[in-house]
Amino acid sequence: MRNLKLKAGDRFLLNGIIYTARDQAHKRLAQAIKQHKKLPINLKGAVIYYCGPAKTPRGKIIGSCGPTTSSRMDEFTPALLEAGVKGMVGKGVRSKEVAKAIKKYQAIYFLTYAGCGALLAKYVKKAAPVAYKDLGPEAIYKLEVKDFPLIVGIDARGRSIYE
Amino acid sequence: MTRVISANKIKDVVADLCLEANFILRKDVLAALRSAFLKERNNRAKDILAAIIQNARIAKREKLAICQDTGLACVFVEIGQGIRITGDLKSAINKGVESGYKKGSLRNSVVRDPLQRGKSGYQPAIIHIDMAGGNKLKITVLPKGFGCENKTQLKMFRPTAKIEEIKKFIVEAVRASGPDACPPYIVGVGIGGSADYACFLAKKALLRRVTTSPRHHVTSRISKIEQDLLKQINLLNIGPMGLGGKTTALAVNIEIYPTHIAGLPVCVNISCHALRSATAEI
Numbered sequence: 001m002r003n004l005k006l007k008a009g010d011r012f013l014l015n016g017i018i019y020t021a022r023d024q025a026h027k028r029l030a031q032a033i034k035q036h037k038k039l040p041i042n043l044k045g046a047v048i049y050y051c052g053p054a055k056t057p058r059g060k061i062i063g064s065c066g067p068t069t070s071s072r073m074d075e076f077t078p079a080l081l082e083a084g085v086k087g088m089v090g091k092g093v094r095s096k097e098v099a100k101a102i103k104k105y106q107a108i109y110f111l112t113y114a115g116c117g118a119l120l121a122k123y124v125k126k127a128a129p130v131a132y133k134d135l136g137p138e139a140i141y142k143l144e145v146k147d148f149p150l151i152v153g154i155d156a157r158g159r160s161i162y163e
Numbered sequence: 001m002t003r004v005i006s007a008n009k010i011k012d013v014v015a016d017l018c019l020e021a022n023f024i025l026r027k028d029v030l031a032a033l034r035s036a037f038l039k040e041r042n043n044r045a046k047d048i049l050a051a052i053i054q055n056a057r058i059a060k061r062e063k064l065a066i067c068q069d070t071g072l073a074c075v076f077v078e079i080g081q082g083i084r085i086t087g088d089l090k091s092a093i094n095k096g097v098e099s100g101y102k103k104g105s106l107r108n109s110v111v112r113d114p115l116q117r118g119k120s121g122y123q124p125a126i127i128h129i130d131m132a133g134g135n136k137l138k139i140t141v142l143p144k145g146f147g148c149e150n151k152t153q154l155k156m157f158r159p160t161a162k163i164e165e166i167k168k169f170i171v172e173a174v175r176a177s178g179p180d181a182c183p184p185y186i187v188g189v190g191i192g193g194s195a196d197y198a199c200f201l202a203k204k205a206l207l208r209r210v211t212t213s214p215r216h217h218v219t220s221r222i223s224k225i226e227q228d229l230l231k232q233i234n235l236l237n238i239g240p241m242g243l244g245g246k247t248t249a250l251a252v253n254i255e256i257y258p259t260h261i262a263g264l265p266v267c268v269n270i271s272c273h274a275l276r277s278a279t280a281e282i
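Respectively, the protein sequence lines represent chains A and B. All the letters of the first sequence, read from the start, carry residue numbers 1 to 163 under my numbering. All the letters of the second sequence, read from the start, carry residue numbers 1 to 282 under my numbering.
I should point out that these hints are in silico values taken from the structure, not numbers from a laboratory. What you are looking at is a predicted structure, and each value in this text was computed from that prediction instead of being measured. Hints may contain errors.
As the list claims (entries may be wrong) - Taking lysine-lysine and the DSSO-like style, the derived pairs with C-alpha atoms no more than 30 Å apart in a straight line are:
(1) B:Lys102 x A:Lys146
(2) B:Lys167 x A:Lys146
(3) B:Lys60 x A:Lys142
(4) A:Lys125 x B:Lys63
(5) B:Lys39 x B:Lys246
(6) A:Lys27 x A:Lys103
(7) A:Lys126 x B:Lys119
(8) A:Lys7 x B:Lys46
(9) B:Lys102 x A:Lys60
(10) B:Lys103 x A:Lys146
(11) A:Lys122 x B:Lys119
(12) B:Lys102 x A:Lys122
(13) A:Lys37 x B:Lys119
(14) A:Lys122 x B:Lys46
(15) A:Lys60 x B:Lys60
(16) B:Lys9 x B:Lys155
(17) A:Lys142 x B:Lys102
(18) A:Lys126 x B:Lys39
(19) A:Lys126 x B:Lys63
(20) B:Lys168 x A:Lys122
(21) B:Lys246 x A:Lys96
(22) A:Lys60 x B:Lys119
(23) B:Lys9 x A:Lys133
(24) A:Lys142 x B:Lys63
(25) B:Lys168 x A:Lys125
(26) B:Lys246 x A:Lys133
(27) B:Lys168 x A:Lys96
(28) A:Lys126 x B:Lys168
(29) A:Lys96 x A:Lys86
(30) B:Lys60 x A:Lys146
(31) B:Lys119 x A:Lys27
(32) A:Lys125 x B:Lys103
(33) A:Lys122 x B:Lys246
(34) A:Lys142 x B:Lys103
(35) B:Lys102 x A:Lys125
Sequences and hints are given; from them, build the entire structure.
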């Protein structure tokens, strides 16, 4: 499996589908998992991007869309990993519990250029809100990305770039 | 003679400032980033600084927000004594923010109820109104992202506290921000006044020009403290994105104010590298 080959500090270009989810979407997803409710997106093998994009200007695919602070999602992350999430993209450090859960579920945490939302919008080829649309910028967007630039923050063995 | 300015005019100016601030990175900030790029020896840090500079270029060219967190709009207004405003000033500012943010497809990041959260909108702005001499109206819009706003620290020191204790507090506030607040930072510091006023000063310090030249503060004693702090902070090896390097902060800006004999408030308000603000005079 590819997750196991990547080491903390490695650079990586992501191609495929990622889902945005930040604070309120995490709260709802974690609650839905706990109550065994049907989830609005399939989390099995999913990559979650901690991002609340700016509005999409006319004629553009997406507005500015950089990462938000990952640690605010820490309390919900182990539940999402247990539900099948394999990758996360954000900025900043994670808690010990999250690093442990990443190792347990052989997932991976990526960093991407923080505060560079205009640049990152260039790598998004398709974007549409797919769940929790009432949350506005905190809705879940499905993004199709090409060569989206990442750095491995915590690898599947639980090793962190910050240590 | 009294000059009359309509609230409607103010609304339009505020709307334009919101767009300018969010699309065009301040020249002084961009220059500081470029100079950091040249000085940085760490390859990863250099690569990240290059991305930040490229991001500013794309944002300006394509009218895209520099950062998706287009912030909470902080609006500083200085009203000349010789001015009379027709209409409601605060409502004009809020309407201007709403109209500018909508026009620029900026993010609606403001929740009405801080506890229940709920649907988000564009305003109200955080409005600071001050009086000045003359008959000009000066407006500055500072969209403040919350990745860095969340790292704000206030400490009420004893009046006999040593400057070294205060410096340590400021450096530790930066250390505690680690990679989360999007380094390289611009560190705003407010010293003196009351608790709330020190916080205001720390925010206001971010409006001052960012420069690494040592003579940018009127008081050379304060300028020396700023330089010393910048040196200490850049030894923390946090670096761009927190991945190491000598560029942890681009500048430390301190604002001071008289205070009470019993106290010494100090507030640290950090800005991410995307320090955005725009000013107009009517």
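For each hint, the structure was consulted:
A threshold of 30 Å between alpha carbons decides the hint, and for Lys102 of chain B with Lys146 of chain A the separation of about 28 Å falls inside it, so the pair holds. Straight-line distance between C-alpha atoms of Lys167 of chain B and Lys146 of chain A comes to about 45 Å, which puts the hinted pair past the 30 Å bound. Distance check on the hinted pair: Lys60 of chain B and Lys142 of chain A sit about 26 Å apart at the alpha-carbon level, within 30 Å; holds. Using a Cα cut-off of 30 Å, the hinted pair Lys125 of chain A and Lys63 of chain B holds, with the two alpha carbons roughly 18 Å apart.
Simply put, Lys39 of chain B and Lys246 of chain B have alpha-carbon atoms about 9 Å apart, close enough for the 30 Å limit, and the pair holds. For the proposed pair Lys27 of chain A and Lys103 of chain A, the alpha carbon gap of about 22 Å is at most 30 Å, so the pair holds. For the proposed pair Lys126 of chain A and Lys119 of chain B, the alpha carbon gap of about 25 Å is at most 30 Å, so the pair holds. Between the alpha carbons of Lys7 of chain A and Lys46 of chain B the distance comes to roughly 21 Å, so the proposed pair stays at or under 30 Å and holds.
For the hint linking Lys102 of chain B to Lys60 of chain A, the alpha-carbon distance of about 15 Å falls within 30 Å, and the restraint holds. Note on Lys103 of chain B and Lys146 of chain A: the hinted pairing holds, with a Cα-Cα distance of about 28 Å set against a maximum of 30 Å. For the hint pairing Lys122 of chain A with Lys119 of chain B, the CA-to-CA distance comes to about 28 Å; that is within 30 Å, so the pair holds. Of the supplied pair hints, the one linking Lys102 of chain B and Lys122 of chain A holds, its CA atoms being roughly 22 Å apart against a limit of 30 Å.
A threshold of 30 Å between alpha carbons decides the hint, and for Lys37 of chain A with Lys119 of chain B the separation of about 23 Å falls inside it, so the pair holds. A hinted pair counts as satisfied when its Cα atoms are at most 30 Å apart, and Lys122 of chain A with Lys46 of chain B qualifies at roughly 21 Å. Distance restraint check for Lys60 of chain A and Lys60 of chain B: the Cα-Cα separation of roughly 15 Å lies within the 30 Å cut-off, and the hinted pair is therefore satisfied. For the hint linking Lys9 of chain B to Lys155 of chain B, the alpha-carbon distance of about 40 Å lies beyond 30 Å, and the restraint is violated.
For the proposed pair Lys142 of chain A and Lys102 of chain B, the alpha carbon gap of about 23 Å is at most 30 Å, so the pair holds. With a C-alpha separation of about 38 Å, the suggested pairing of Lys126 of chain A with Lys39 of chain B is violated against the 30 Å cut-off. A hinted pair counts as satisfied when its Cα atoms are at most 30 Å apart, and Lys126 of chain A with Lys63 of chain B qualifies at roughly 19 Å. A C-alpha spacing of about 41 Å is found between Lys168 of chain B and Lys122 of chain A, which places the hinted pair above 30 Å, so the restraint is violated.
Pair hint Lys246 of chain B plus Lys96 of chain A holds up; C-alpha atoms about 27 Å apart against a cutoff of 30 Å. The straight-line distance between the Cα atoms of Lys60 of chain A and Lys119 of chain B is roughly 24 Å, inside the 30 Å bound, and the hint therefore holds. Only pairs whose Cα atoms come within 30 Å are accepted, and Lys9 of chain B paired with Lys133 of chain A is rejected, the gap being roughly 35 Å. With a C-alpha separation of about 23 Å, the suggested pair Lys142 of chain A and Lys63 of chain B falls inside the 30 Å cut-off, and the hint holds.
About 46 Å separates the Cα atoms of Lys168 of chain B and Lys125 of chain A, which puts this hinted pair outside 30 Å; it is violated. Distance hint between Lys246 of chain B and Lys133 of chain A is unfulfilled; the C-alpha atoms sit about 42 Å from each other, more than 30 Å. Among the hinted pairs, Lys168 of chain B with Lys96 of chain A is consistent with the structure: their alpha-carbon atoms are about 27 Å apart, no more than 30 Å. With a C-alpha separation of about 47 Å, the suggested pair Lys126 of chain A and Lys168 of chain B falls outside the 30 Å cut-off, and the hint is violated.
Only pairs whose Cα atoms come within 30 Å are accepted, and Lys96 of chain A paired with Lys86 of chain A is accepted, the gap being roughly 17 Å. Restraint check for Lys60 of chain B and Lys146 of chain A: the C-alpha separation of about 23 Å stays at or below 30 Å, so the hint holds. With a C-alpha separation of about 15 Å, the suggested pairing of Lys119 of chain B with Lys27 of chain A holds against the 30 Å cut-off. The straight-line distance between the Cα atoms of Lys125 of chain A and Lys103 of chain B is roughly 23 Å, inside the 30 Å bound, and the hint therefore holds.
Distance restraint check for Lys122 of chain A and Lys246 of chain B: the Cα-Cα separation of roughly 29 Å lies within the 30 Å cut-off, and the hinted pair is therefore satisfied. The straight-line distance between the Cα atoms of Lys142 of chain A and Lys103 of chain B is roughly 24 Å, inside the 30 Å bound, and the hint therefore holds. At roughly 23 Å between alpha-carbon atoms, Lys102 of chain B and Lys125 of chain A fall within 30 Å of each other, so this suggested pair holds.
Violated hints, in rising order: 2, 16, 18, 20, 23, 25, 26, 28; the structure is consistent with all others.
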